[in-house]
Structures are given as structure tokens and as C-alpha cells.
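> Listed here are the chains, written in short residue letters.
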Amino acid sequence: MIRFVLWRTGAAAVLLVVLSALVFVLQQISPGDPARAYVGGNASPAAVAAAHHRLGLDRPWPQRYVRYLWHALHGDLGISLRTHRPVTTDLGQFLPATAELVLFSFVLALLLALLFALSGALRWPGTGLYRGVLLLAGTAPAFLLGLGGIVLFYGHLHWLPEAGRGVDTSSPTGFVLLDSLLHGDTGAFTDGLRHLLLPGLALAVAPAISIGRILRAGLERTFGADYVRTARSKGIREVQVLWRHVVRNSLDATLSMAGLQLGFMFAGVVIVENVFTWPGIGYYLAQSIPQSDFPAIAGVTLLLGGVYIVVNAVVDVLQAVADPRLTV
Amino acid sequence: MSAHDLPTPGTARAPGPEPGAASRSGSATAPAAGTAGPVASVRGLSVSLQRQGVRSPVLRGVDLDIAPGEIVGLVGESGSGKSVLAMTMLGLLPRSARPVITGSVHAAGTDMLHGTPAQLRAVRRSRLGVIFQDPMTSLNPTMRIGRQITEVTGDSGEAVTLLGAVRVPEPARRMRAFPHELSGGLRQRVMAAIALTGRPRLIVADEPTTALDVTVQAQLLALLADLRREFGCSVLFITHDLAVAAQITDRIAVLYQGRVAEIGPSAQLLHHPTHPYTAGLLGSRLSLSTPRTGALPTLPADGVPVAERLRGCAYHTRCPLVLDRCASQQPPATPVEGTGVLRACWRDSTAVRDIHRAVVPAEGLAAHAGPLGAVHPSPGGSGKPAADLAVEVRALGCRFHSRSGFEPRHTVDALQGVDLDVRAGEALSIVGESGSGKSTLLRVIAGLTRPTAGTVVLRGTAQMVFQDAGSSLTPWLTVGALLRERLRAAKVPPAEAARRTEEVLAAMGLPASVLKVRPGELSGGQRQRVALARAVVVPPTVLLCDEPTSALDASLAASVLNLIREMRRELAMTVVFVTHDLAVARLMGDRIAVMAQGRLVEQGDAHDIVTAPADPRTRALLDAVPRIDVPAARPATGPADRPEAAR
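Protein chains in written order, with UniProt numbering: chain H, 1 to 328; chain Z, 1 to 647.
For the record, the hints were derived by calculation from the structure and aren't laboratory data. Glycine included, every Cβ here is placed at the ideal spot set by N, Cα and C. Accuracy of the hints is not assured; some may be wrong.
Partial list, derived from the structure: chain H residues whose beta carbon lies under 8 Å from chain Z [as the list claims (entries may be wrong)]:
1) Ala47
2) Ser233
3) Lys234
4) Gly235
5) Asn249
6) Ala253
7) Ala320
Here are a few chain H residues that sit away from chain Z, every Cβ distance over 10 Å (derived from the structure) [as the list claims (entries may be wrong)]:
8) Phe24
9) Pro45
10) Arg54
11) Thr83
12) Leu91
13) Arg232
14) Ile236
15) His245
16) Val311
17) Ala322
18) Asp323
19) Pro324
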């Protein structure tokens with residue numbers, strides 16, 4: 001087991017290095033001169049040359065890559081060409097909002113998935129129609145769900161706010177829900193929750209349906225397994241049969257799917273944040289792209305890619321915990 | 001149709017065992033029938049189940065008593081309702097089958113039909129134990145076996161003791177093992193340990209040895225007999241093999257189409273069957289004394305619709321002794337004087353005895369020697385020209401690695417230095433326990449597994465028939481499509497192909513309507529026939545069979561074996577037949593090769609191997625073949641036990 005964890009961690013590290021190399025290459029082959037972008041369009045050739053030297057662009061590329069990797073390892077992802085602040089500082093400012101949205105949305109997705117799985121496993125008239133509606137909702141893109149949600153719940157019903165994170169976004173940790181809870185500030189908490197609900201749902205529906213379908217298939221398969229019959233023959237209660245014997249054995253594919261979907265959610269958040277002007281990484285990225293702010297774009301890519309890799313490594317380990325046969 | 005329209009009279013009560021009867025043996029373990037009531041009692045039980053929207057009667061008025069400490073065998077073909085009876089007794093019928101139940105079932109003092117779920121759980125928890133058929137799938141793969149045993153009692157000390165009692169080596173260490181780390185035999189022992197937790201009064205064993213090879217089967221049977229002695233529990237032992245039942249049971253109930261055809265003391269029933277079905281089952285059993293020449297005895301197939309069959313005696317459509325009234329009137333269960341046997345048959349019991357004598361050869365190694373086919377030259381002698389050989393295996397080795405993370409954890413030599421020749425037209429049986437490498441050898445010959453050392457030369461074309469026909473046939477293709485696929489690959493023109501498929505189905509005894517059917521809709525025996533049809537529709541030079549009949553009932557198995565022998569004769573094929581059963585190996589091969597631990601330990605003429613084995617491992621395999629005349633698990637048998645063998 002320990003060896004499996006070490007092996008999986010090593011594999012994740014290798015993937016991260018590969019990812020950083022890809023990001024670096026993308027940066028190199030992109031058109032436009034970062035030095036010129038850094039000093040501005042009207043700068044003198046001498047100033048551009050100085051910026052060239054300052055940004056290390058006059059050195060050969062292998063050296064630049066090693067430098068880039070070395071700095072990245074020390075938390076230095078370069079200076080944003082747009083904000084003229086270290087990219088790490090920018091990311092630190094925008095990340096908590098994104099993390100809060102994605103985590104909230106992921107928990108929502110898991111709950112919805114469980115609901116879909118259990119309701120889908122039941123047999124009642126109209127199950128087919130219900131599944132069809134779910135499938136349709138699952139294929140709708142997140143921005144469409146987001147816009148539809150805004151039109152309905154803000155435009156017509158006035159139940160939920162349209163955009164943003166709420167009044168007070170300057171909380172110490174950057175996590176509005178967490179801070180307001182810690183300070184016992186129910187007003188800020190409700191406000192934060194109201195702001196989270198629409199973007200969270202828009203982001204959660206598609207993953208919830210994917211995860212729910214896999215979970216339902218897993219549960220149905222496991223319910224017919226011989227060892228479930230063995231468990232029943234022992235005379236233990238049905239709840240114990242369900243929890244000890246059915247659920248754990250239904251998790252393998254569901255865990256993979258949940259991990260994949262969590263990764264996708266970090267990618268999908270870019271669009272949802274822009275629909276809801278959510279001050280997170282995706283919003284930051286969307287502002288950096290038109291300005292060719294390569295260090296910022298690379299930083300965001302590296303961060304999201306890194307999260308994706310780590311999440312999948314964790315899922316693999318969780319699967320091994322759930323099913324001991326995998327590490328053999 | 002109601003499942004309850006043909007109840008047996010309530011007076012037809014199965015007698016308890018008679019400890020004093022001359023036909024019983026091992027009286028040290030005999031239950032005291034008079035001192036306590038039965039552990040389980042089933043009265044007039046009828047069960048109908050719904051499958052794919054169609055309701056059909058599965059049990060039709062069953063009476064059965066199990067006395068304390070008694071081992072009762074429940075024998076019948078697949079579909080006879082024996083598993084449904086067991087599940088009903090445990091209160092475990094799946095709700096999805098919408099069971100409709102009438103009659104009464106009491107087990108360990110609890111009403112299993114009308115008890116509350118809590119009562120049923122309580123009795124299952126503390127009074128009943130179950131051993132299921134397939135140890136590979138019946139244990140939770142993600143739970144340590146210790147936890148699976150202690151799940152109910154929470155007593156790990158008891159669990160270690162029980163693991164010791166079921167002869168699991170190093171029980172304390174095994175507690176932390178996962179099921180996939182144990183062999184099939186060990187897993188079935190773990191199942192037995194689970195069944196024994198809480199000292200149950202009744203253990204239901206549903207075909208506990210069917211998935212095991214003969215050697216492990218013999219061990220498990222001995223274990224069950226020991227456990228009965230040590231723990232004093234009763235056992236309901238379900239099997240489709242009368243010889244397996246003969247090893248350990250006190251009484252046997254023969255179930256046919258949901259009714260008890262005959263029930264009585266084991267020795268009595270096995271040597272003096274009074275129901276034509278019992279006689280037929282005994283006659284179609286393949287043993288070491290079944291004549292090697294001629295067709296193997298089988299029960300006639302049943303092609304009559306269910307509704308018609310169930311009007312009178314369910315067996316009347318297959319019965320050699322059928323009377324007019326059998327088709328319209330259901331025979332009641334009546335006792336046979338002085339034997340303790342209850343039988344449901346209109347014929348006189350002496351009439352049945354006569355057909356039994358005619359069909360069943362004397363047990364013991366018969367002198368039916370001689371080669372099977374006529375195509376090949378006589379066996380023996382080396383230095384044959386190589387062209388004569390269909391399969392040539394030289395110094396074959398096959399090593400498997402199981403990997404984990406960085407480095408290989410361990411290696412298994414599935415085959416080591418195997419040399420084997422199969423002459424063109426010859427039939428060779430390869431025998432061995434599971435894990436001996438016999439299936440790997442066959443797969444290497446077929447080219448499905450790459451050897452790590454040595455060479456294999458196969459002259460001509462090869463086709464393979466697998467053990468599990470259910471999973472070796474593509475589920476979404478019709479039988480016709482499966483057969484045409486092979487013919488298209490051989491570039492047979494469509495008109496010719498249609499004729500060939502019809503021919504091959506006729507040869508397999510399958511109706512042409514099967515062509516439009518998918519494998520899932522066929523029975524196990526039919527599926528294996530289709531698999532065989534697919535293998536020979538384009539006749540191969542070499543037919544490779546991997547335990548093609550080990551999942552089938554005795555009679556069905558015999559008919560499939562007959563087909564393989566016929567096909568071999570007609571198409572002049574070479575046959576390599578892998579089995580764990582020496583009785584089958586003897587019938588299917590001119591020669592037998594015995595494998596153990598990846599090596600070929602002995603090979604020679606089939607008759608010689610069976611009558612005069614040279615290697616101890618061959619002798620062990622031979623001893624493990626269950627025989628009706630030698631009740632291995634029981635002490636000395638009285639003279640009344642085997643008049644049949646003396647004939």
C-alpha cells in the first residue's frame with residue numbers, strides 16, 4: 001500500500017514536470033514579444049532591450065526552461081505583464097474565490113449524484129422521461145445553465161443575486177463562507193451562500209449527472225453480487241449490508257468519475273466565473289488572455305493542470321484503499 | 001396457472017432416519033431421531049417465481065425433514081428447484097423474482113415464511129449457516145476474511161478457532177488476508193467458517209464443491225463430515241452429482257421439476273433406486289467403469305413444453321417405464337416397505353430395479369479397455385516421423401509475473417519443461433488439479449498464450465471449446481451470426497454456408513430455430529452445443545477442449561462428450577481434452593497425460609493410467625474421483641450396502 005502511494009506520487013511529480021515543459025513550450029511558440037508587452041507599445045528600443053535582458057529572454061531556451069522550473073519550484077512564476085505584480089501574488093488573491101466555488105460546487109455535485117443515483121435506481125412510471133430530462137440537462141453547457149439561472153432566479157423571481165461574491169469580499173482567508181462561519185456572522189454567511197448558489201449549480205449539474213449515472217450502474221451491479229447474498233445470509237441488518245458490502249464495492253468507477261469531473265470543474269470554472277463575474281482564477285485568466293499576459297496565462301495553466309494531476313493521484317490512492325486488489 | 005394446484009397429501013411425511021437400519025452406517029454420528037424434533041421441516045411447499053415477466057412454478061409441493069445432526073442430500077438436475085428450496089428455507093429468495101409461496105417452512109424453530117424480517121435475520125445470524133457454490137464470487141472482495149467471519153459475532157478469537165477447525169493453515173495470519181489472496185479451496189473453507197459462526201444448528205451447502213476440482217472437493221467433503229461430528233450441526237447438502245452425495249449424506253432427496261421423486265437412506269437409494277429418474281441419473285453418471293466404447297449413456301432430452309409436462313408425473317416425457325396414467329395423474333409419495341424410502345411413481349419399485357440393473361454397470365474398474373476411435377495407429381513407441389504428429393511440444397515453459405509498483409513481486413512457473421506429442425487423429429486427455437498448468441498448456445498450444453521457453457508446433461488448424469460457454473459466446477450476436485462469422489472467415493460461399501450451419505446444428509441435436517436466438521436465451525447445455533458447433537462448423541485439424549462439461553449436469557455432460565466423440569470420428573479430428581476428472585479423461589482420451597505443478601508427471605495409455613498409475617499424484621487424482629460404491633468419508637459399510645457391486 002505504502003509502495004503504491006509512493007509510486008503514484010512519483011508518477012504525479014513526473015506529470016507535473018511534463019506539464020511545466022508543455023506550458024514553457026507554449027509560451028515560447030506564442031506570437032508577440034513579452035518584453036514589448038511588458039514595457040508598453042511606445043517604449044524606446046533601448047527600453048525594450050533592457051526589458052528583454054531583465055526578463056531573461058536573451059538567454060538560450062534550455063537555460064530559460066531550467067530557470068523557469070527552478071523559480072516555479074520556489075513559488076516564483078514571473079511578473080504579470082498586465083498587473084506588474086508577481087503572478088504568484090495575483091494567483092494567491094484570486095485562488096480562494098475559485099477554490100470556494102469549485103469545492104462548494106463539487107459537494108453539491110456529489111449530493112445531487114447520490115440523489116440521481118438513488119432515484120434512478122427506483123422503478124416508477126416515468127423513469128424513462130426522468131432519465132431523459134437528466135441526460136439533457138447533463139449535456140447543456142455550464143454557461144447556458146448559468147445564463148438560464150440568472151434569467152429565471154434573478155430576472156423573473158428576484159430570489160438570488162445576479163453576480164459577484166457579495167458585499168464583503170475582503171475576508172482574511174479569502175473563503176467567505178468559512179470566515180463568516182468562524183466569526184458567527186450569519187448575515188455574511190447567507191449572503192455568500194446566495195451568491196454561490198447559482199454559479200455553483202451551473203457548474204455542478206453536468207458532473208452530478210455523470211457521477212450519478214456511474215454510481216447507479218455500480219449499485220445495481222453490486223446488489224446482484226453473490227457476496228451480497230452471503231452478507232444477507234449472515235443475518236445482518238440491511239443497512240449494514242448496504243454500507244459494508246454494497247457501497248464500498250460500487251465505488252471504484254464512481255471515484256474515477258468524480259476525480260475526472262473535479263478536474264473538469266476546475267477547467268469549466270473559467271467560463272462560469274465570467275458569466276457571473278466571479279473574482280476568481282478564471283476571471284483573472286479571461287482578462288490576461290487579450291493582453292497576451294503570458295506569465296499569468298502560464299501560471300493559471302500550471303495551477304489548474306497541477307490541481308488536475310493531484311486530484312487524480314488522490315483518486316487512485318482512494319480507489320486502492322477501497323479495493324485492495326488494485327495494489328496487488 | 002397456480003403453483004398450488006397439486007399439493008401432496010399432508011400425510012406423505014418423510015420419515016426420519018432410522019439409526020438401527022442395516023442400510024445406515026457410521027452410527028456413531030447418527031442423529032437421535034426420536035429425542036428431538038427436526039431442525040428443519042418443509043411441508044407442502046410450493047414456490048412460483050417470475051422471470052422476465054413470466055411466472056413459472058419452481059417447487060410444487062415439497063415435504064422434507066432434517067433431523068438434528070443429519071446430513072441430507074438434495075440431488076437433481078439444474079432447474080429442478082434445489083437452490084430455490086434452499087433459499088426459501090433461509091428466507092433469502094430475491095424479492096425481484098416476486099415469489100408466491102404456499103405451504104410451510106420451519107428452520108431452527110422459526111417460521112421462515114411468516115416470520116418478521118427481524119426474526120429471520122436473528123435465526124440466520126445464530127442458527128443457520130450457508131455455504132454457496134462459487135467461492136470466487138461469494139466473499140466480499142474488499143473485506144479482510146477475518147472481518148467477514150467476525151462480522152456477526154465480533155469475536156476474533158472464535159474466528160481464529162473456526163479457521164483452524166476448517167483446516168485453514170496459519171489461521172491467525174490468514175485473518176488479515178483478502179479473498180483474492182487465497183485459493184478456491186481455501187476460500188470455500190472460509191465460507192464454511194462463516195457458516196459455522198455462532199454454532200448453527202443447520203448448514204445449507206448449495207453445491208459447495210461444484211466449482212472445485214476433484215481433489216479439493218474430496219477434502220471439503222471430508223471436512224463437512226468432520227464438522228458435523230465436531231459441531232453436531234445438520235447439513236442440507238445440495239448437489240447435482242449422486243456420487244458426491246454418496247460420500248457424506250445420511251439420506252438423499254431426489255428432486256425433479258420441483259417435486260421430490262424419491263427420498264430415503266443414501267445407500268438404499270443409490271443401490272436400489274425405486275424411481276426411474278433416480279435410476280436414470282445413476283445410469284448416466286460417468287464413472288471410472290463406464291464402458292469406453294459406444295455412446296455414453298444419457299437421459300433422453302426433454303423437448304416437451306412445460307405445461308404439458310406438469311400435467312401428470314413431471315418425468316413422464318422422459319421415463320422409459322411410462323404408463324398411460326403418468327401423463328394425467330400425479331403420483332403421490334408412498335413408502336416402500338421396510339426401506340425408509342418414499343417414492344412418487346405409479347410403477348412398482350421392482351420394475352425400476354430391473355431397468356437399473358440393465359443400465360448400470362458394476363462399479364469398480366471394469367475391463368472395458370481398448371482404444372476409442374479407429375483412425376489412429378496404436379499408441380506407444382517413440383521415433384515416429386514428425387509428420388505424423390498434429391501437435392509437437394518441446395521443452396515448453398511459461399512463466400507469469402505478478403507486478404506491483406516498481407518491481408515484480410513474484411513469478412509463477414505455470415509450465416516447466418513440458419514435452420508432449422499428439423499424433424494426428426489421436427485423442428489425448430490432459431488431467432490435473434486446478435493450478436497444475438493444464439489449461440495454460442492448452443492455451444499455449446492454441447496460440448492464445450505466448451510461452452516463455454520451448455516450442456510448440458501445431459500442424460493444421462485449431463479450434464477451442466471453453467469451459468464457460470456462457471461467456472465464450474458473444475452475447476449480442478445470434479447463433480446464426482456466430483456460425484456465419486466462422487464460415488465467412490473461411491471464405492465459404494453463402495449458399496454453402498447456410499447448408500453447413502443447418503447440418504452442424506442437426507448434428508448437435510439443436511433445432512434450426514436456434515439460429516435466430518442469442519446465447520443468453522439458451523440453457524447451459526445448449527450453449528455448450530453451440531460453442532461446439534462454432535468450433536467444428538469449419539472442421540479444424542485439432543480440437544482443443546478446456547473442461548467443456550464441468551459446468552453441466554451429468555446427463556448433459558455425457559451428451560456433449562458423445563458429440564465431441566462423434567465429431568472426432570466423422571471429421572477425423574485430433575482432440576486434446578483438458579479435465580480435472582480422471583473418469584472423464586479416461587472416456588475422452590486414447591492416452592492420458594497427468595500434470596502437476598506445471599510439469600508433466602505421467603503419460604500413457606488411458607486404461608493403463610487409470611488401472612495402474614505409476615505416479616503418486618496420479619493415484620491421488622484417482623482416489624479423489626467420487627465413487628458410489630466407496631463411501632470414503634464413512635467408516636466400514638455393512639454387507640447390505642453393496643449388493644449391487646457384488647453382482
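> To test your reading of the hints: which numbers does this structure violate?
Numbers 1, 6, 7, 13, 14, 15, 17, 18, 19 - these are the hints that the structure violates, sorted from lowest upward.
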